[in-house]
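Participant: Sequence:
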Amino acid sequence: MDNLRHPFLLSFALLAAVVFVTAGAAAEDAPPTAKRAGPAASEEAPSLVLEKTTQDYGVVDQDREYSADIGYHNGGKTPIKGLRVKADCGCYSVGLSHTELAPEARGTLTVRFRTHGFRGRASKTVRLLYDDGVPPSTQPKSVELKLVLNIVGGVLVERIHFGEVLAGTLPTGSVPLLWYEGVGKPFEIQRIEVPGEPVKTRIEPYKPTGPIPFKGWQIHFTFTQPPKRGIYSKKAIVTTNHPTQRRVLIPLTAHVVGKVWIQTSRIYLGLVARGKSKSAAVTVRAFSKDIKLGKVTARARKGVLDVAIEDGFGMTGPVKKLRVTVPADAPAGPLDDVIEVRTEVPGEELVTVEVRG
Numbered sequence: 004m005d006n007l008r009h010p011f012l013l014s015f016a017l018l019a020a021v022v023f024v025t026a027g028a029a030a031e032d033a034p035p036t037a038k039r040a041g042p043a044a045s046e047e048a049p050s051l052v053l054e055k056t057t058q059d060y061g062v063v064d065q066d067r068e069y070s071a072d073i074g075y076h077n078g079g080k081t082p083i084k085g086l087r088v089k090a091d092c093g094c095y096s097v098g099l100s101h102t103e104l105a106p107e108a109r110g111t112l113t114v115r116f117r118t119h120g121f122r123g124r125a126s127k128t129v130r131l132l133y134d135d136g137v138p139p140s141t142q143p144k145s146v147e148l149k150l151v152l153n154i155v156g157g158v159l160v161e162r163i164h165f166g167e168v169l170a171g172t173l174p175t176g177s178v179p180l181l182w183y184e185g186v187g188k189p190f191e192i193q194r195i196e197v198p199g200e201p202v203k204t205r206i207e208p209y210k211p212t213g214p215i216p217f218k219g220w221q222i223h224f225t226f227t228q229p230p231k232r233g234i235y236s237k238k239a240i241v242t243t244n245h246p247t248q249r250r251v252l253i254p255l256t257a258h259v260v261g262k263v264w265i266q267t268s269r270i271y272l273g274l275v276a277r278g279k280s281k282s283a284a285v286t287v288r289a290f291s292k293d294i295k296l297g298k299v300t301a302r303a304r305k306g307v308l309d310v311a312i313e314d315g316f317g318m319t320g321p322v323k324k325l326r327v328t329v330p331a332d333a334p335a336g337p338l339d340d341v342i343e344v345r346t347e348v349p350g351e352e353l354v355t356v357e358v359r360g
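Position 134 of the sequence shown, counted from 1, bears residue number 137 in the numbering used here, the numbering being contiguous throughout.
Heads up, a few of these hints could be off.
To be verified - With a cut-off of at most 16 Å between alpha-carbon atoms, the simulated EDC-like pairs for lysine to aspartate or glutamate come out as follows:
1) K295 / D339
2) K149 / D91
3) K127 / E191
4) K324 / D339
5) K279 / E352
6) K298 / D332
7) K298 / E357
8) K237 / E313
9) K324 / D293
10) K231 / E313
11) K149 / D134
12) K295 / D314
13) K305 / E347
14) K295 / E357
15) K55 / E68
16) K298 / D339
17) K305 / E351
18) K305 / E352
19) K262 / E347
20) K89 / D59
21) K84 / D59
22) K262 / E167
23) K281 / E200
24) K292 / D339
25) K55 / E147
26) K238 / E184
27) K218 / E207
28) K149 / D59
29) K80 / D59
30) K127 / E103
31) K188 / E107
32) K238 / E313
33) K89 / E161
34) K262 / D293
35) K149 / E207
36) K237 / E196
37) K127 / E161
38) K262 / E351
39) K237 / E207
40) K238 / E207
Think of the hints as simulated: they come from the structure by calculation, not from any bench.
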């Protein structure tokens, strides 16, 4: 049976219609004060108006600088003062033609973005802070400019970081050298050199690990002699037949350490006021779990600094802490000294840490 022919349902439908019409009329006749309030003062349109809020650089290459000029003006009724930039990355710089603007006055913002080794889509946000004297004035006002880049042009390089390497071993690693299909130009590798370094290389076609259409080569690096202890930083020179990038540099980095791992080889205590005490602590641990430190002791060669070995806990488990303290009665002058850290690790019974201040 049709619902509208049922007496009860028909009465209910008519009653609902009457309520709906009455509610609509009430809304129409309501006084202005009953309407939804407008935005609060803190939500009002900013005085500083950007010509655009997104700067899209489009498809760009790695390790290049790209510049863009964006206009801005004071759209408020009071002067803008103290216009300044708050960046979220050291990869770009921002220049302002004017830091103060009278009402309706204009300026130009220049953004220079350095793509470094970024790959793929990058997005950063520039915040512009300013004061316009309009309440609430306890916090500076701000507007945001979004920077967008699609870094898939040219030859795409990555750094190869061998990580922490045990002294006396031969580290190995690999890195891709790519182009983005449909955007970049295909190329062949003609030669790879690491000048003056005992490193051999091997090349094979790149095997994609995802749906993004990267193509190119995988370069494998192997040391034929152990690198020296400390921070290793060199560059491999790759010669290609790419139409615009015949020579490509690949950074090679590593941290070559001993069996006794110390957080830093130099402690800097800075300026210490005479009559005041100051201390710093660094972690001491074994390079791997199969290495046992045994008894750990430490001493300062000059005897001015107080030195102690404490028990601690790190990301890999229990560790030792080397704590160096300048006593309050230390004489005036430089704090140059050497801390001798002694362990029971064969071949590394003595490790030194410099102290400066």
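Participant: When the hints from earlier in the document are held up against this structure, which numbers fail?
Facilitator: 1, 3, 4, 5, 6, 7, 8, 9, 10, 11, 13, 14, 15, 16, 17, 18, 20, 21, 23, 24, 26, 29, 30, 31, 32, 33, 35, 37, 39 and 40
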